[in-house]
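Protein chains: 2
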Amino acid sequence: MKTGLKQKIIEQVAPDLEKVEAALEKNLEPNLELVRQIASHLLFSGGKRLRPLLMIHSARLCGYAKGFEIEFSTIFEYLHAATLLHDDVVDESDLRRGRKVAHRKWSAAKVVLTGDFLLARALDIAAKTQLPEIITVIAKITQDMSQGEIDQLSKKGRLDLRVEEYLDIIEKKTAVLIQGACKSGAILAGASQEQIQALDQYGFHTGMAFQMADDLLDYTASAQELGKNPGADMREGKLTLPLIHSLANASSKDQIWMKSVMADPDFNPDQFEKLKEKLFLYNGIEFTRKTAEDHVKKAKSCLEIFDDSYSRQLLGLIADYSIERKV
Amino acid sequence: MKTGLKQKIIEQVAPDLEKVEAALEKNLEPNLELVRQIASHLLFSGGKRLRPLLMIHSARLCGYAKGFEIEFSTIFEYLHAATLLHDDVVDESDLRRGRKVAHRKWSAAKVVLTGDFLLARALDIAAKTQLPEIITVIAKITQDMSQGEIDQLSKKGRLDLRVEEYLDIIEKKTAVLIQGACKSGAILAGASQEQIQALDQYGFHTGMAFQMADDLLDYTASAQELGKNPGADMREGKLTLPLIHSLANASSKDQIWMKSVMADPDFNPDQFEKLKEKLFLYNGIEFTRKTAEDHVKKAKSCLEIFDDSYSRQLLGLIADYSIERKV
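Same order as they appear, the protein sequences are chains A and B. Numbered per the working numbering, the first sequence spans residues 1 to 327. Numbered per the working numbering, the second sequence spans residues 1 to 327.
There may be inaccurate statements among the hints.
Within a straight-line C-alpha distance of at most 30 Å, the following computed DSS-like cross-link-like pairs (lysine-lysine) qualify [unchecked claim]:
#, chain 1, residue 1, chain 2, residue 2
1, A, LYS66, B, LYS6
2, A, LYS26, B, LYS156
3, B, LYS66, A, LYS128
4, B, LYS105, A, LYS155
5, A, LYS19, B, LYS140
6, B, LYS128, A, LYS140
7, A, LYS105, B, LYS140
8, A, LYS19, A, LYS48
9, B, LYS105, A, LYS140
10, B, LYS298, A, LYS140
11, A, LYS26, B, LYS155
12, B, LYS19, A, LYS140
13, B, LYS156, A, LYS66
14, A, LYS128, A, LYS140
15, B, LYS26, A, LYS155
The hints are simulated quantities; they were obtained by calculation from the structure and are not laboratory data.
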């Protein structure tokens, strides 16, 4: 992997990032100490602010210069945080970003309600845009995301999950929010339908690549890099592309063996290592990487209708970064 | 209590109610079977559709005649249902409307996500109004409601809850949604600021009366009437007006005794009966009833700026009904 890409992006976005952080703090307002504590625990634990940055630069790429892009970009970080809070309750997962998840420290009840509050906060800021088109985008995002989560939950543990089902889940769970952030930036700028569509598709492909890379990391990264144990998806019964593709191409004997490991939530590290070998052997790792790279290419090609600019370059870098990041 | 008021209202609204039911079904669409099952369990278990009816008749009172009031009224039932679902998880309560609560039948995870889905559905329908003012109202509702719930949760078990804190909680938890339904109806109709304000205040007072009557019922109704055990609020550590007012007026000796019962979640039926006597003795019951009646009066006076009409009469009846209903 290329190194320095993350550093390069961070340097370029540093001034915006500082403003985004300030806006996230300000829009949280100390209404209720408890909300502040729980929300801050998640919001200020080193997130990358990818979604706000995408919204900001989509807006600027379309010539937006009215000065509210930072304020409105917080919508997408709050939506993201709200989903993570509810996810943590839903998944009963133990670690996120290497820190205790919120509801181990606070009750599930408080975490659910804080998630609701952040969603409401996002909506309140969205209402300030006074643009019904942006509200429509956000309504679609929230609907798709909750459907994606429900879908994933219903399909948990299904060893015969098809690629199309996987793609549908990651689109709803991850891509629609990134897509919506980009699209909203364009709408805010009063961009043409062609530009809105291009940024919508840029966001879709970047989001798909981002999630596939994330799903790869669960098999290829170390516990330290991940901030949580690798193999977590499998342990939770979530089948992702590396596994689905490998299963489809494995010998009958290996299929049976792989499914026996997958069906056992207490599989040991040795079994996990052996399973990883199969994912390389049957091309699941390579296929996932290639598919993610294709999405990055498509994302970048969506930017071609725009004149070269700082924001266009940055969006290009972020698309590259989506599959090259370490967590 | 006057009898027949409920019957009178039901007869008058029957044709609308039928359409509301159909719209609630239709807008739920069979996207995901699981959502449908969980949401239907709650949505179609005999709710009164109070909030949709208030929105519909607020719109008509302001001369709305474009024909979308039924469709848009479902927003407020979905918001209500979403809150109830999350509440049930938060409260870990056992019975609602005499039926098993959803998350005893389904996992808390699925119930949380279905709540999120209904909220998203409400937002999606709201976006179709293309009216940023309505989105602003809904953003305020969702924010206030989640804050009210968090506030109530944080203050659970506090035996020194003040009247103002109680009023603030019930305003956020109950009144803002009813208020928002009425206000949105007026906005949809393109009403004057004076009319919008009048219906906003009508909704506020009706909502406050409604919740106070509900809090009274927890002490005055039978288990059969309630569909759940009386004294549930107290058992959950929620202090409501009858108790707060009585405590403030009780003798020191009775205060100490009352607090000892309140602090014990396993109080027995005899103790509960004795406590109820104190609520009558120290006027908590009477004071709450009077305060609720005052709100009803104020609600009805807000309608005076409108010419007499079928919708105005109905809103008047609903205000009366808010404190006369049995569950």
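Cross-check of the supplied hints:
| no. | hint | in the structure |
| --- | --- | --- |
| 1 | A:LYS66 / B:LYS6 | violated, 54 Å |
| 2 | A:LYS26 / B:LYS156 | holds, 28 Å |
| 3 | B:LYS66 / A:LYS128 | holds, 26 Å |
| 4 | B:LYS105 / A:LYS155 | holds, 18 Å |
| 5 | A:LYS19 / B:LYS140 | holds, 25 Å |
| 6 | B:LYS128 / A:LYS140 | holds, 12 Å |
| 7 | A:LYS105 / B:LYS140 | holds, 28 Å |
| 8 | A:LYS19 / A:LYS48 | holds, 14 Å |
| 9 | B:LYS105 / A:LYS140 | holds, 28 Å |
| 10 | B:LYS298 / A:LYS140 | violated, 39 Å |
| 11 | A:LYS26 / B:LYS155 | holds, 25 Å |
| 12 | B:LYS19 / A:LYS140 | holds, 25 Å |
| 13 | B:LYS156 / A:LYS66 | violated, 45 Å |
| 14 | A:LYS128 / A:LYS140 | holds, 18 Å |
| 15 | B:LYS26 / A:LYS155 | holds, 25 Å |
Checked against the numbered hints given earlier, the structure breaks hints 1, 10 and 13 and satisfies all the rest.
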